[in-house]
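Residues per chain are reported as follows:
There are 2 protein chains.
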Amino acid sequence: MSTYFSHLECSVPCGAGPANPRTVQHLCACGAPLLARYDLDAARGWTRESLAGRTASMWRYRELMPLLDDETPVTLGEGWTPLVPATRLGAALGLSRLYLKDESLNPTNSFKARGLSAAVTRAHYLGARVLSIPTAGNAGNAMAAYAAHAGLEARVFMPRDVKTPFVRECELYGADVTLVDGLITDAGRIAAETGAPLGWYDLSTLKEPYRIEGKKTMGYEVAEQLDWELPDWIIYPTGGGTGMVGMWKAFEEMSALGWIDPVKRPRMVTVQATGCAPIIRAFDNGDERATPWEHAQTVADGLRVPRAIGDFLVLRAVRESDGAAVAVSDEDMVQGMLDIGKFEGVSAAPEGGAALHALRTLITSGRVGPEDRVVIFNTGGALKYLDVLEGL
Amino acid sequence: MSTYFSHLECSVPCGAGPANPRTVQHLCACGAPLLARYDLDAARGWTRESLAGRTASMWRYRELMPLLDDETPVTLGEGWTPLVPATRLGAALGLSRLYLKDESLNPTNSFKARGLSAAVTRAHYLGARVLSIPTAGNAGNAMAAYAAHAGLEARVFMPRDVKTPFVRECELYGADVTLVDGLITDAGRIAAETGAPLGWYDLSTLKEPYRIEGKKTMGYEVAEQLDWELPDWIIYPTGGGTGMVGMWKAFEEMSALGWIDPVKRPRMVTVQATGCAPIIRAFDNGDERATPWEHAQTVADGLRVPRAIGDFLVLRAVRESDGAAVAVSDEDMVQGMLDIGKFEGVSAAPEGGAALHALRTLITSGRVGPEDRVVIFNTGGALKYLDVLEGL
Chain A
4 MSTYFSHLEC SVPCGAGPAN PRTVQHLCAC GAPLLARYDL DAARGWTRES LAGRTASMWR
64 YRELMPLLDD ETPVTLGEGW TPLVPATRLG AALGLSRLYL KDESLNPTNS FKARGLSAAV
124 TRAHYLGARV LSIPTAGNAG NAMAAYAAHA GLEARVFMPR DVKTPFVREC ELYGADVTLV
184 DGLITDAGRI AAETGAPLGW YDLSTLKEPY RIEGKKTMGY EVAEQLDWEL PDWIIYPTGG
244 GTGMVGMWKA FEEMSALGWI DPVKRPRMVT VQATGCAPII RAFDNGDERA TPWEHAQTVA
304 DGLRVPRAIG DFLVLRAVRE SDGAAVAVSD EDMVQGMLDI GKFEGVSAAP EGGAALHALR
364 TLITSGRVGP EDRVVIFNTG GALKYLDVLE GL
Chain B
4 MSTYFSHLEC SVPCGAGPAN PRTVQHLCAC GAPLLARYDL DAARGWTRES LAGRTASMWR
64 YRELMPLLDD ETPVTLGEGW TPLVPATRLG AALGLSRLYL KDESLNPTNS FKARGLSAAV
124 TRAHYLGARV LSIPTAGNAG NAMAAYAAHA GLEARVFMPR DVKTPFVREC ELYGADVTLV
184 DGLITDAGRI AAETGAPLGW YDLSTLKEPY RIEGKKTMGY EVAEQLDWEL PDWIIYPTGG
244 GTGMVGMWKA FEEMSALGWI DPVKRPRMVT VQATGCAPII RAFDNGDERA TPWEHAQTVA
304 DGLRVPRAIG DFLVLRAVRE SDGAAVAVSD EDMVQGMLDI GKFEGVSAAP EGGAALHALR
364 TLITSGRVGP EDRVVIFNTG GALKYLDVLE GL
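Chains as they are written, first to last, in the numbering used here: chain A, 4 to 395; chain B, 4 to 395.
Bound conformation, chain A alone:
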């Protein structure tokens, strides 16, 4: 069964015509990411009430997912993660309506499963045999898992100093791992140089147009789980920024469908590490694009992204939403992990801990008030980061 998926379009948009999703597509000719577009007029016949009783995964929104013809998702049950009422943590912070979106309950222990389920689905449909990805860690694990499930070969490129569990987990799924001197940006360059002559399918985020379609389902889920009334604030740790951009896209789509109030949007808060904060610097400087961060360093592997191709889209979402951009130190994000664990029993990655600390600063500055409805994203679990707890 086909969905309402129709074509790909430049994200700027630069004015180029639609791109054809029946062939392999990466960036627009202008160099910007392509975004999937749907026939939203036709989709208005699809009601949110029809979701009741559907599969407990992100594919419950399949009508607005990039599937053509009889395309079947490559799925391991990703998405439809719990929105945990954080009552005790909220009380400690003076908030009455705080929620944790616990993305650690995804396959491969992080939110990256969503994007890679969607992207590997499309790669499989388009006839790819060998998939490659540059990654700070979790995206490589997710890609390796979905490639294995679909019977495709996986080539993962990541920084040499990545934490060991990320390497082991890739190996568990039979992926070929290349450790690269440098960061995810260097891994991306080497993956592209190696794979291009061999015809590998490159799954770099936003260079590939479907990972964002998986990530956008976080926005659909928050809406559905809060009975279609979006929260006042979404606090989101931002590396490549695909989730942020994806959720913003989801809100636009849901508005067009008539599922949510067309005006009221959450304030979007982008959270980075003080040791790697290119988006925040650009936000503070009023820049439209971010300049690459030099000597990026943080314990949160997922935030060690010195340059993101979708930076201008993240900045656009934060500004349009009247949101905020907050940098968090490694020490504060580890304390955040511990607080999420101790108060709520939720296993949080440093990225989740960073989001909690960012919320603290917004409360202190008075921007977030006691009655505000706030959703913190815990983008992954603590298990791959246990070394940061050593000796505490």
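Heads up, a few of these hints could be off.
Straight line, CA to CA, 30 Å or less: simulated DSBU-like cross-link-like pairs of lysine-lysine [what the hints assert, rightly or not]:
1) B/K345 with A/K210
2) A/K210 with A/K166
3) B/K210 with A/K345
4) B/K166 with A/K166
5) B/K210 with B/K166
6) B/K345 with A/K166
7) B/K166 with B/K345
8) A/K345 with B/K166
9) A/K166 with A/K345
These stretches of chain B come out as covered by chain A in the derived footprint (C-beta under 8 Å, 3 or more residues) [stated by the list, open to error]:
10) 56-63
11) 83-91
12) 108-122
13) 143-150
14) 173-182
15) 345-351
16) 377-389
These aren't lab readings, by the way, just hints derived from the structure by calculation. Remember, predicted model here, so these are calculated numbers, not experimental data. From the three backbone atoms N, C-alpha and C, an ideal C-beta is built for every residue, glycine too.
With chain A fixed as given, assemble chain B onto it according to the hints.
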């Protein structure tokens, strides 16, 4: 809202009268586990069709869960885990209908979350303030998480040589950890000796009657996910055996409710490690109870259980179902982890790998046929066991 929960009853049964669930209960006076009983006649008015659209957690079966009055579950979204069609692994094994029940997508990365969500719910209702548990690893993590969520204190007792991630995860949730010389049975003794004079609430499995009620939901879920036709085989790694006993109980309850064929039951396969196989030895010897295993050793922490208080209930389920009892070496279970990873992209603990290898032996011996419908339980993820992959 109350459920159909009515009372507790001896599992033997020894003839003692019903025990009152409004007070703290542990073992029956005869020393056997107590089981929760429901008013199943009244419950027949509750139809399986009413489940559609319910919460994507084990609490979708709340009418048959041990809740009294306005008791609210202590929940982090446990259960309703994916039943992954293992198409590629099935093809490699010559099976056309193989499924993996992926329990790694639970909070704290294992099936233990189910039992502890139910047990901590009841402990909280009954006014406990300090909870204690002896554990081989995962149950302690789960208890620590639910205790934190409910604002209760957690005391975890585990073997000194347990893998480090199990200790770190307890600490993440603020639990107090005591490392014990010996095994889970020694931990149980020390926890009881320490806690009894202090009034701690002991959450030892089957000494406490509610963990099994969480575990039984695995049986409900397999039935619902297979459209109420149970599989031919359930392959289940067995430490304390609570899941095995719980599923068997679920099948009885569902029969009484008219939800499943009252006659057709899956053959239940109990899987242990060659280095710790008390149940299998008892099964092979035709014994009703198992004698404790000496010098237990295996890489699968969850199978390092030399003596289980519910042994006779496990043996009963295996025999009544015309099932099997299979021991697996550490080497074969690690290979099983790798096969589950490589063929399906699922993160498996050694326990899950053991279940896969047990299935192989049943295929080789001709007991499992190519058209049989088989469900393998992957009771947890690989992330806490990554050391077993070092140097492979």
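How the hints compare with the structure:
The straight-line distance between the Cα atoms of B/K345 and A/K210 is roughly 27 Å, inside the 30 Å bound, and the hint therefore holds. With a CA separation close to 25 Å, the supplied pair A/K210 and A/K166 stays within the 30 Å bound. In summary, the hint linking B/K210 to A/K345 is supported, as the alpha carbons are separated by about 27 Å, within the 30 Å threshold. Distance hint between B/K166 and A/K166 is fulfilled; the C-alpha atoms sit about 18 Å from each other, no more than 30 Å.
At roughly 25 Å between alpha-carbon atoms, B/K210 and B/K166 fall within 30 Å of each other, so this suggested pair holds. A distance of roughly 21 Å separates the Cα atoms of B/K345 and A/K166; the hinted pair therefore holds under the 30 Å criterion. Between B/K166 and B/K345, the direct Cα distance comes to roughly 24 Å. Compliance with the 30 Å bound is thereby established for this hinted pair. A hinted pair counts as satisfied when its Cα atoms are at most 30 Å apart, and A/K345 with B/K166 qualifies at roughly 21 Å.
Proximity of A/K166 to A/K345 is assessed by CA-CA distance (about 24 Å); at most 30 Å being required, the pair is judged to hold. Residues of the region 56-63 of chain B with a Cβ under 8 Å from some Cβ of chain A number 3, which satisfies the need for three, so the listed coverage holds. Requiring three or more residues with a Cβ within less than 8 Å of a Cβ of chain A, the coverage given for the region 83-91 of chain B holds, as 5 such residues are present. Restraint check on the region 108-122 of chain B versus chain A: 5 residues with Cβ-Cβ distances below 8 Å, three needed, restraint holds.
A stretch counts as covered by a chain when three or more of its residues have a beta carbon under 8 Å from one of that chain; for the region 143-150 of chain B and chain A the count is 4, and the coverage holds. Closer than 8 Å: that is the beta-carbon criterion, and the region 173-182 of chain B has 4 residues meeting it against chain A, so the requirement of 3 holds. Against chain A, the region 345-351 of chain B contributes 6 residues with a C-beta closer than 8 Å to a partner C-beta. That satisfies the three-residue criterion, and the hint holds. With 5 residues carrying a beta carbon less than 8 Å from a beta carbon of chain A, the region 377-389 of chain B meets the three-residue requirement, and the given coverage holds.
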